[in-house]
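> Please build the complex by placing chain B on the supplied structure of chain A, with the hints as guidance.
Protein chains in written order, with my numbering: chain A, 1032 to 1460; chain B, 1032 to 1460.
Keep in mind the hints are simulated off the structure, nothing from the lab. Be aware that one or more of the hints could be misleading.
One copy or two, either will do: identical chains are not told apart, so a pair holds if it fits within one copy or between any two.
[Unchecked claim] Mimicking DSS-like on lysine-lysine, the simulated pairs with C-alpha atoms at most 30 Å apart in a straight line are:
no. : residue 1 : residue 2
1   : LYS1254   : LYS1383
2   : LYS1106   : LYS1310
3   : LYS1310   : LYS1383
4   : LYS1254   : LYS1106
5   : LYS1364   : LYS1254
6   : LYS1310   : LYS1254
7   : LYS1444   : LYS1055
8   : LYS1106   : LYS1383
There are 2 protein chains.
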Amino acid sequence: MTDEFSPALLTDQYGLTMVSAALKDGTAHRRSVFEVFARRLPTGRRYGVAAGQGRLIELIRDFRFTEQEITFLRKAGIVDETTAAWLADYRFTGDIDGYAEGELFFPGSPILTVSGGFAECVVLETLILSVLNHDSAIASAAARMVTAARGRPIIEMGSRRTHEQAAVASARAAYLAGFATTSNLAAGSRYGIPTTGTSAHAFTLLHDDEPAAFASQVAALGKNTTLLVDTYDIAQGIRNAIAVAGPDLRAVRIDSGDLSVLAQHSRELLDSLGATETKIIVSGDMDEYAIATLAAEPVDMYGAGTAVVTGSGAPTAGLVYKLVEVEGRAVVKRSENKATVGGRKTAIRRHKPTGTATEEIVVSQGVPDHQANDRLLQRSYVAAGEIVEAPTLAESRDHLRQCLISIPWEGLKLSAGDPAIPVTVVPTS
Amino acid sequence: MTDEFSPALLTDQYGLTMVSAALKDGTAHRRSVFEVFARRLPTGRRYGVAAGQGRLIELIRDFRFTEQEITFLRKAGIVDETTAAWLADYRFTGDIDGYAEGELFFPGSPILTVSGGFAECVVLETLILSVLNHDSAIASAAARMVTAARGRPIIEMGSRRTHEQAAVASARAAYLAGFATTSNLAAGSRYGIPTTGTSAHAFTLLHDDEPAAFASQVAALGKNTTLLVDTYDIAQGIRNAIAVAGPDLRAVRIDSGDLSVLAQHSRELLDSLGATETKIIVSGDMDEYAIATLAAEPVDMYGAGTAVVTGSGAPTAGLVYKLVEVEGRAVVKRSENKATVGGRKTAIRRHKPTGTATEEIVVSQGVPDHQANDRLLQRSYVAAGEIVEAPTLAESRDHLRQCLISIPWEGLKLSAGDPAIPVTVVPTS
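With the rest of the complex left out, here is chain A:
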């Protein structure tokens, strides 16, 4: 169980060694600004979805070093007495501003801005990046699947393919991105996400034959259930399902085989049995491309697993956390050509009068010229250490839906391409 632990040790050791050194030399309290941004999107992706802020803010609220954790750090020689005392009193007292959960981002977008004393900000680096990199990777992949599904619902069922706690966060990110439901019960319990699930092949194999298994499931769950028909022979499975449940069975699920052909044959067979309202759910190696391929087939719902929880080829969002300002002075690492601009950034997204986004303007140490149809992209999450109330998950989900409507239509293509809109970073004057 992870239950005895605070989030404070979900931290790279260098965070605390930097605090030690900075406390000793007097720089620990220099007013600092850190920014989270992506240098690039995963190859070929046209947008990213910022996700995880809701989870993150709760973890930061609980970010305290327990006595047991401080004892560990002292015994391991990682911190000295002065630092141990500082950690014992730790509580973030600065400000956190950033993009709304469900907001789109592009290379250079200042997704999260953390300001306060150097030490209190630097210890949050690992946790901030872990949460945002994971959840944004999942939401970004999930949003492409939702677009590919063209309004048909998608069930998230990938828990078994990722770390057991990452599974809960994945279900949350997929729901944010527009998935209809999840199989993950903890996601239902913690975040109120609708859950779903009926039975596995094992349930059919457990019984003496398939009709016995179906009869048992219908007796327990009613006809408003989904029967998994591909354990033995799919056509016979469908006949058995309708024979047992009658033509008002809610749905059948197919989890293997050539889903394109099987969906057509299954629809014809269901119709011929009078089960014209019975839905067809397909699952098994569904990613955005497989979903798109099935657009013309009589499929009513998709189940997506591995691809969504592993970010469909991009399992991390590539976000970094960089110090951009110290005591009001813009700072930047210069040893390589990363074209990073120092200073605290303010971002707006510019739109046509029709509502289509045209570009993002990011200004360092200043405020962009505000025009009609511009939208300020940053909001306050934490002000002077106090949490500011944020939108609900349902509201964030709706926000993403609106954002996706606003980008140029090329931005929604699954094929590899440039970012949907450019980000223009205006350096410090």
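Below, chain B without anything else, positioned relative to chain A:
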């Protein structure tokens, strides 16, 4: 915080709906055997490393439904009264056998075998697969990096690129696979893994200049530290480092640029400054191929992040959990050509007298012919619900090292190829 939760809801809903239906129809207690195995390895991989068993057994020990969790399930209409009562008393009473942590596996290897009543086994499916799929994916990637590093130590520093709790499990899996240390403090605290870390670019940027930052770090941590020299100009950074710390500085780290060229130049410069014992650590986009490319360069240690925590292209191990036996009868899903064999399997690995592994023999519902140089691959983890003491993480780490020595040398190549040894599955006679 995840702290109020038991592991019991880290479960797909269909696990509980199957329990409900099976309790109702009387099949819930049928003696069942489930097996965890991989149908294939990730494309081109020559072996997999079984990992996570140690974490898993602790989670199964704690797998209890709290009153609050049962209330949630009842209110959501997921379970009925009978099932709620069964869940309240839930405690796994069966047997779990499997491959040692750190054991190699191949397609068809019976990595974990869970036996008991159907219901008590089926509810563990999601948790078992989540833990083993994640940890095995990380350990499998990490082991290839360790081979590529040819004895040079690797630091795991990928926490920021994965879910915050997956990061802790990743550090554990990488250490199992032979990594030297981790940056993740929770992994140090929970698992006793050696931790390491000194400073980031932000620490240099915080200070008025690079010598001031280096002087502060050396004052706080001593000369037995690693100075990060690539914030501005690397050559000047190295001169500053040695000027501040003297020629007995422990190490410098380079995190960007052409690491091959930079390592050579840095070594020459350090030697010219008399710092002949100062180590060179390189990090930044290190995967097994990047590490192999640096084999001839004067690099003393590697830091690996993104690639290790995301499984270096294979973020999940593809393990499945299948019902293979009911009341002594072998069962198998037949709707597709997956060549799965039913029945409880017993596995041995066969070796030449020299110790080189030649093949794995897996027998369904029987025991393989035992010859000299054969090794039984399964051990007991849980017997009649009681946990059997398992090797320590350090012992498992050593076990993997021995296993890697035993496979044919082609099996250690990084290039794409077939599994290092074949698995012969002998069906039920």
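> All the hints need checking, so say for each whether the structure fits it.
So, going through the hints one by one against the coordinates:
| no. | hint | verdict |
| --- | --- | --- |
| 1 | LYS1254 - LYS1383 | neither (50 Å within a copy, 58 Å between copies) |
| 2 | LYS1106 - LYS1310 | between (61 Å within a copy, 26 Å between copies) |
| 3 | LYS1310 - LYS1383 | neither (41 Å within a copy, 56 Å between copies) |
| 4 | LYS1254 - LYS1106 | between (61 Å within a copy, 20 Å between copies) |
| 5 | LYS1364 - LYS1254 | between (63 Å within a copy, 24 Å between copies) |
| 6 | LYS1310 - LYS1254 | within (12 Å within a copy, 69 Å between copies) |
| 7 | LYS1444 - LYS1055 | neither (53 Å within a copy, 48 Å between copies) |
| 8 | LYS1106 - LYS1383 | neither (60 Å within a copy, 47 Å between copies) |
Going through the hint list in order, the structure does not satisfy hints 1, 3, 7 and 8.
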